[in-house]
Every structure is written in C-alpha cells, then in structure tokens.
Amino acid sequence: MSQHERGTLRVKTGLAEMLKGGVIMDVIDADQARIAEEAGACAVMALERVPADIRQEGGVARMADPLKIKEIQEAVSVPVMAKCRIGHFAEAQILEALEVDYIDESEVLTPADVEHHVDKWGFTVPFVCGATNLGEALRRISEGAAMIRTKGEAGTGDIVNAVTHMRAVFGAIRALGSLRVDELHAAAKEHRAPYELVRWVAENGRLPVVTFTAGGIATPADAALCMQLGADGVFVGSGIFKSGRDAVLDRDGWIEDVSRRARAIVEATTHFDDPKVLADVSTGLGQPMVGISAASIPEAERLEARGW
Amino acid sequence: MSAPLNIGVLALQGAFREHARVLRALGAEVVEVRVPSQLDGLDGLVLPGGESTTIVRLAELYRLDEAICGFAGPILGTCAGMIVLDREHLGLADLSVDRNAYGRQVRSFEADVDLAGEAEPLRGVFIRAPRIRALGDGVSVLGELDGEPVLVRDGRLLLASFHPELTDDTRVHERFLEMVRAQAHEGEASLPPTNGKEEIRVGA
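Here the protein sequences line up with chains A and B, keeping their order. Residue numbering for the first sequence follows our numbering, starting at 1 and increasing by one per position. Residue numbering for the second sequence follows our numbering, starting at 1 and increasing by one per position.
Check each hint, because a few of them may be wrong.
[Stated by the list, open to error] Output of the computed footprint for chain B on chain A, the stretches with three or more beta carbons under 8 angstroms from beta carbons of chain B: (1) 12 to 20; (2) 41 to 49; (3) 90 to 101; (4) 121 to 135.
In short, the hints are calculated from the structure, not lab data. Just so it is clear, CB atoms sit at the ideal spot from N, CA and C, and this is done for glycine as well.
Make the full structure from the sequences, and use the hints.
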C-alpha cells in the first residue's frame with residue numbers, strides 16, 4: 001500500500017483549483033442546497049442565516065448548527081463549505097470533525113478574537129479567508145489559507161466594495177511586478193506581509209492560491225464584472241435566495257425565480273466574456289435582491305473592516 | 001517541422017487553465033472550448049477536473065455533450081472529466097466510476113502511482129477523487145494505486161482519476177500528445193496522395 005499523504009498544501013489548494021470558474025452559493029437548508037446544485041453551483045456554503053438576515057436581525061452570528069450542516073451534506077454531492085468565526089479555532093475543529101470540505105474563516109460572523117486568526121496550518125481541512133487588499137491576503141496565506149476571497153460588503157447586494165477590493169488586490173500585484181528585486185523588501189514592509197510571499201507574487205503576477213470574489217453579487221452582470229476584473233470564481237450569498245417573489249406567500253413562484261437567477265449567474269460566470277450570452281441570461285429574471293447601498297452603512301457596522 | 005498540435009480544453013468550469021499551461025509548455029496550441037464551434041479543427045480535447053454536475057449541466061445547455069460525442073480525436077479526461085466520459089454520462093468510455101469514492105476533502109490525498117513499464121512512479125493528486133469500479137475488455141490499465149486502476153486507456157481515450165495538471169510531472173500529458181500525434185498522422189496517411197507518383201510508390 002503506497003503512502004497516502006493527506007492535508008498537504010497541494011491537496012488543500014487543489015480543491016480550490018477544481019472550483020475555479022464556478023459559483024459557490026450560500027444555502028441555509030437542504031432544499032436551498034438542492035436548488036443550488038441543480039442550478040450548477042460548484043459548491044455550497046452551509047449557513048444558519050444569510051448575510052442579509054444577519055445584518056437585519058443583528059445579534060452574535062456563530063457557526064451553523066451541525067445538524068444543519070449534516071442535513072446539507074446529505075442533500076448534495078458537490079463540496080459543502082461552512083463558516084467559523086475569525087479566530088474561533090474550536091468552531092473550526094468542530095467543522096473539521098464534521099468533514100466539511102472547506103472552512104470559511106469569515107468576517108460575516110461575529111469575530112471571536114480581535115488579534116489572532118486561526119492557525120490554519122494545524123488543520124487537514126483547507127480554509128478560505130477574506131481580504132480587502134494584497135497585504136491582508138498574504139497574511140492569511142502565511143497563516144495557512146489555501147484560498148482567498150475578496151470581501152466586498154456581504155449582505156448588501158451592492159457590488160461596489162467587491163470591485164474596490166479586487167482592484168486593490170490585483171492592482172497591487174501588478175504594481176509589485178514593476179519593482180526591482182531590491183525594492184521588494186520595502187514593499188513587504190509596506191504590505192505588512194512576509195517577504196518570501198511578496199517576492200513570489202512579484203515573480204508570478206498572481207496570488208499563490210485561487211482567488212474568488214464575494215460580497216454584493218446579485219446579478220449575472222455582477223458575476224461577469226468580477227470575472228473580467230480577474231476573479232477565479234464567485235461566492236453568492238444573499239443575492240440568490242433573497243431575490244424573486246415572496247418565499248412565504250408564493251413558494252413555487254419563489255423557487256422558480258431563485259432557480260432561474262442561480263442558473264443565470266452560473267452561466268454568466270462561465271461565459272463572462274460573451275456579452276450576447278450575458279444579455280440572454282440577464283433577460284426576465286424577476287425581482288433582484290432589494291439590497292442596501294454599501295455607502296449608507298455606518299462605519300461600525302461594516303463587515304469588511306473585520307479581520308486585519 | 002510539423003505544425004503544432006491544436007488541443008482544446010473544455011473551459012466550462014474547473015482546472016482548465018492548469019491543463020492549458022502544461023500543454024503549452026509541451027508545445028501545443030491551446031484553445032479554450034465553451035461552445036461547440038470551438039471544437040472545429042482540433043486534433044485533441046481535454047476534459048479537466050472540476051465539479052462534474054456543474055460541467056455536465058453547462059455542457060448540455062450549449063449542446064456540447066452532443067458535440068463532444070461527435071468529436072473524433074483523442075480525448076484526455078481527468079477526475080470529473082473521466083466521470084463525464086463514463087458509461088453513465090456521455091458513454092464514450094467503457095467503464096463505470098463511483099464519484100467521491102475516497103470520501104470528502106479531508107480524505108483527499110497525494111500518493112505515488114505505479115506506471116506500467118516505468119520504474120519511476122508518478123505523483124498523483126487525488127481530490128475528492130472518483131474510483132473506477134468496472135472496466136470493459138478493451139480498456140488497458142496504464143497506472144495503478146494500491147492495485148486499483150487510476151490511469152487507463154480505452155482506444156483514443158486516456159483517463160485518469162487523479163490530477164496530472166497539478167504537478168510538474170508531464171508524463172500523462174506527453175502520452176496524450178503522442179496519441180494525438182499518432183492519430184493526426186494516421187488521418188494524413190489515409191488521405192489520397194496529392195504529391196505525385198513518387199509518394200505513391202513509397203506508400204506501396
């Protein structure tokens with residue numbers, strides 16, 4: 001029997017490579033998970049509440065009940081991800097024991113530690129972490145993150161912060177490429193990131209791990225915009241299941257609407273550079289998520305500022 | 001010098017860029033395939049790893065499933081790409097596959113794959129990998145892990161349950177390009193000779 005090596009960096013980043021060009025959808029129960037899989041989601045994120053509801057209802061947002069996660073794992077064959085609070089390594093241990101396929105150490109939940117993120121090297125299960133700029137992304141990678149997502153502002157349906165964060169990350173990568181080798185030490189200091197990672201990025205012109213975009217994607221056009229700006233794929237949180245007809249008053253109508261929107265966002269992510277396909281799939285999708293303008297959110301309530 | 005081979009990589013979802021990178025490094029021209037017309041003029045096709053449910057759905061939507069069934073050149077299928085080609089899906093490959101057969105991501109692994117006729121093993125990265133459960137008589141086993149087939153050839157199809165595109169060992173891709181070159185050459189040989197009598201005499 002040959003030696004099977006689990007949890008190597010290549011195995012952890014490898015799953016993220018397989019998710020590329022795809023859409024990862026937030027789901028809160030088995031029904032939503034099945035709708036997402038049927039629509040072509042490449043993975044689902046198991047949650048207690050979607051970000052829009054967390055924002056509205058307030059309170060402390062925590063890891064989902066394992067019962068909910070198991071129910072979703074049994075409902076679908078695509079990878080199932082779940083969120084733990086920033087720095088909450090005990091929640092992460094529980095999620096690993098549940099055998100979720102990826103852990104999202106997420107600013108959407110209430111942070112458990114104001115100084116330290118989870119030491120992700122100690123886990124077999126891979127982690128994805130949020131970032132608003134290059135330095136933050138590299139700090140997460142140095143802690144062991146095997147995938148990065150730009151944060152955007154979750155639960156708003158407003159794409160503006162996602163665009164800001166992608167431009168910050170990808171722009172800084174391009175800028176590093178123009179520096180001389182002896183200038184990279186100062187650049188590492190400026191980005192507050194390890195020199196070796198900064199140098200790798202400067203030489204390769206990209207992050208060493210797959211980079212998705214999240215936070216505010218609500219339409220096929222939003223997904224195509226992110227892909228054209230350089231994202232490897234997209235996370236859609238509230239944008240799908242908070243759209244369409246009223247879920248309580250007209251359940252069948254709601255299922256029809258959210259299914260169509262989910263399929264359209266999947267297609268737009270694959271055919272992101274084909275405006276004819278984008279026009280086609282954007283047609284007659286019904287009511288999008290109402291959303292709130294990210295600029296109207298008071299500084300203290302912005303999720304993007306969580307994590308450092 | 002012969003013209004470079006034109007290889008298509010199905011780019012609906014998954015690790016298509018990694019395959020493209022390896023193939024380009026080996027001297028092939030690579031086309032990303034998202035609609036059926038992009039299959040025209042290709043010498044070979046790669047179906048990459050990704051989520052098989054997502055890839056199958058997007059393929060059906062643009063009738064790429066039919067187009068792939070009509071494609072006559074060699075095809076390399078890795079992981080999800082192998083699932084897409086099996087008996088239960090497109091039915092081009094004479095084998096049955098169990099999806100995610102090693103378990104969830106925490107059970108994903110890398111291990112040395114024994115290659116038939118080669119002393120040096122190949123490092124295989126197995127991500128939520130499928131397992132081949134049954135093989136047709138015409139399928140030959142080229143690589144094994146713990147005595148189970150993980151790299152097989154069925155005529156013009158080369159199938160791997162792991163991800164050769166994630167390592168720097170290019171032997172699987174080289175073997176695929178050899179198959180493509182051989183079939184392209186066969187195609188030329190079967191065309192009526194156009195270069196005069198000398199050629200005919202050589203052929204006879």
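Query raised in the report: If you check each hint against the structure, which ones fail?
Result: No numbers; nothing is violated.
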